[in-house]
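Q: Sequence:
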Amino acid sequence: MDISAESPVGGTIVTPVRAPRRRIGGAVLTWLAVTPFAAWALARVAGLERGSLPTQLMTATPYAAAGSLVPLLIAALGRKRTATAVALLTTTAFGFTVLPRALGSAEATAGRPFKVLTINLLFGRADVETVVDLVRRFDPDVLSTQELTPGAVSELDAAGLKTLMPHRVLQDEWSAAGSGIYSKHPVEPLDQMVAPIGHNMPAARVSLPGGKAIEFVDVHPFPPLGRQFTPWNEALQALPPASAETVRVLAGDFNATIDHVPMRRLLSRGYKDAADQVGAGLIPTWPANKRVPPIITIDHVLVDRRVGVKDVSVHTVPGTDHRAVFAELSVP
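With our numbering applied, the sequence shown corresponds to residues 83 to 414, in that order.
Hints were generated in silico from the structure; no laboratory data involved. From the three backbone atoms N, C-alpha and C, an ideal C-beta is built for every residue, glycine too. Be a bit skeptical, because a hint or two may be false.
Capping the alpha-carbon separation at 30 Å, the derived lysine-lysine pairs in DSSO-like fashion look like this [said to hold, decoys possible]:
#1 Lys392 with Lys266
#2 Lys266 with Lys354
#3 Lys244 with Lys266
#4 Lys354 with Lys197
#5 Lys244 with Lys197
#6 Lys392 with Lys197
#7 Lys294 with Lys392
#8 Lys244 with Lys392
#9 Lys294 with Lys266
#10 Lys372 with Lys197
#11 Lys354 with Lys392
Cβ pair distances, simulated, as ranges [unchecked claim]:
#12 Pro136 with Ala158: 23 to 33 Å
#13 Arg387 with Ser289: 16 to 26 Å
#14 Ser350 with Glu189: 14 to 24 Å
#15 Leu185 with Gly129: 16 to 26 Å
#16 Leu170 with Pro136: 18 to 28 Å
#17 Leu130 with Pro313: 18 to 28 Å
#18 Ala277 with Thr164: 41 to 51 Å
#19 Thr117 with Thr245: 56 to 66 Å
Could you build the full structure based on these sequences and the hints that come with them?
A: Structure follows, in C-alpha cells:
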C-alpha cells in the first residue's frame, strides 16, 4: 500500500511503505538454516563428494539427517512456504538414504549356517583374551583380522586360537598393513583375487563340510585421508564383484560408510551389507575405547545377495579403536 499526501505546491507525494526488516531478516535466517542441509542431501543422493575432506564429512550423514529436522521446524513455524518445501524435501531425501539401515529388510533364506567375525586389532594391541573369548562364544567359521602383527599372531595362538581355528591365510606385518584370515575349515589362498593396493587384503577359498566352498576377502584399504584418498578409492574399486559361480563374502575395516560413493558402487556389484539387512546398519564401530563414544560405521560384512542374514552384533574389545562385528549368515 502507498501513502499519499497533497503537496502545498501541487501534485501528490507518494511514500512507499517498506516491509518490516524483521520479516526480511527472518527469511534470510531461515534459508541460512535450510541451505546447508539441502546441499548436503543433494551431494549424498547425487554422489557429488570429491576429495579427502568432503569424503570424511560424508560419514556424518546420519547425524545430518537427524539435524535436518531443525531447519524444517524453523521454516514451518516461520510460515516460509518455499523454504518449508525445500526443507521437507531435504529431510525426505535423508530419510530414504539413512532409515533403511535402521529398519532392516532381511528375508528368511534356507541354507547352511556360516558365521563371520571381523576385528581391527590396532597394530596388534587388541586384548587377545577378549578376541578369543568372542571366538569361543560365537563359534565363527571365519575370523577376519586387520592390523595383525607377528606378535599378535603368537599371542592369539597362545590364548587358544590355534586350537579353535587351525587353518589360516596370514599376511601379518609390524604395521597397520598386516591382515589375516583364520578359519575352522581348510583354506586355500587366492593370491590373485585382490590387487595389492595399500594394506594387505588376503583372500582365501574356505572349504566347508559337504563340499561347499566360499571365497572370502579380508578388507582393509587405506583411510581416505590426504594423499591416501586416491589409493582408498582404487582399493575399493579393485575388490572383486559378486560371482554367479561361487558365494563371496567381504569382511573387515573398509574405512568407508554406506554414504560413500565407492562403497555404494561396491554394493552395486552384487553385494549387500549384512548389518543393514537386520536393522543394525547405524550401529557405530569407530572410534572405540575413547573418551567419546563410537560415531561412525566403517567395519562391515558384505555378502552375496543370495546369502541370508540372520543376525549382526557389534562388540567392544579392549585395546583397539574398532569394535568387532559378528554376522550370522545362511549360505544357499
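Q: A separate judgement is required for each hint: does it hold in the structure or not?
A: Each hint, compared with the structure:
Under the criterion of a C-alpha separation no larger than 30 Å, the hint pairing lysine 392 with lysine 266 is consistent with the structure, at around 20 Å. Restraint check: the Cα-Cα separation between lysine 266 and lysine 354 comes to about 24 Å, which is no more than 30 Å; the hinted pair holds. The suggested pairing of lysine 244 with lysine 266 holds, with an alpha-carbon distance near 10 Å, which does not exceed 30 Å. Distance check on the hinted pair: lysine 354 and lysine 197 sit about 16 Å apart at the alpha-carbon level, within 30 Å; holds.
A threshold of 30 Å between alpha carbons decides the hint, and for lysine 244 with lysine 197 the separation of about 18 Å falls inside it, so the pair holds. About 10 Å separates the Cα atoms of lysine 392 and lysine 197, which keeps this hinted pair within 30 Å; it holds. At most 30 Å may separate the alpha-carbon atoms for a hinted pair to count; lysine 294 and lysine 392 meet this at roughly 19 Å. In summary, the hint linking lysine 244 to lysine 392 is supported, as the alpha carbons are separated by about 27 Å, within the 30 Å threshold.
The straight-line distance between the Cα atoms of lysine 294 and lysine 266 is roughly 14 Å, inside the 30 Å bound, and the hint therefore holds. Between the alpha carbons of lysine 372 and lysine 197 the distance comes to roughly 28 Å, so the proposed pair stays at or under 30 Å and holds. In summary, the hint linking lysine 354 to lysine 392 is supported, as the alpha carbons are separated by about 13 Å, within the 30 Å threshold. A hinted range of 23 to 33 Å for the beta carbons of proline 136 and alanine 158 is consistent with their spacing of about 29 Å.
The beta-carbon spacing between arginine 387 and serine 289, approximately 23 Å, falls within the hinted interval of 16 to 26 Å. With their beta carbons about 20 Å apart, serine 350 and glutamate 189 fall inside the hinted range of 14 to 24 Å. For the pair leucine 185 and glycine 129, the supplied restraint of 16 to 26 Å holds, since their beta-carbon distance comes to about 22 Å. Leucine 170 and proline 136 have their C-beta atoms about 25 Å apart, which keeps the hinted 18 to 28 Å range intact.
Under the hint 18 to 28 Å, the C-beta atoms of leucine 130 and proline 313, about 21 Å apart, fit the expected range. Distance hint check for alanine 277 and threonine 164: the Cβ-Cβ separation is about 49 Å, which falls inside the suggested range of 41 to 51 Å. Taking the beta carbon of each, threonine 117 and threonine 245 are about 59 Å apart, inside 56 to 66 Å as hinted.
Violated hints are absent here; each numbered hint is respected by the structure.
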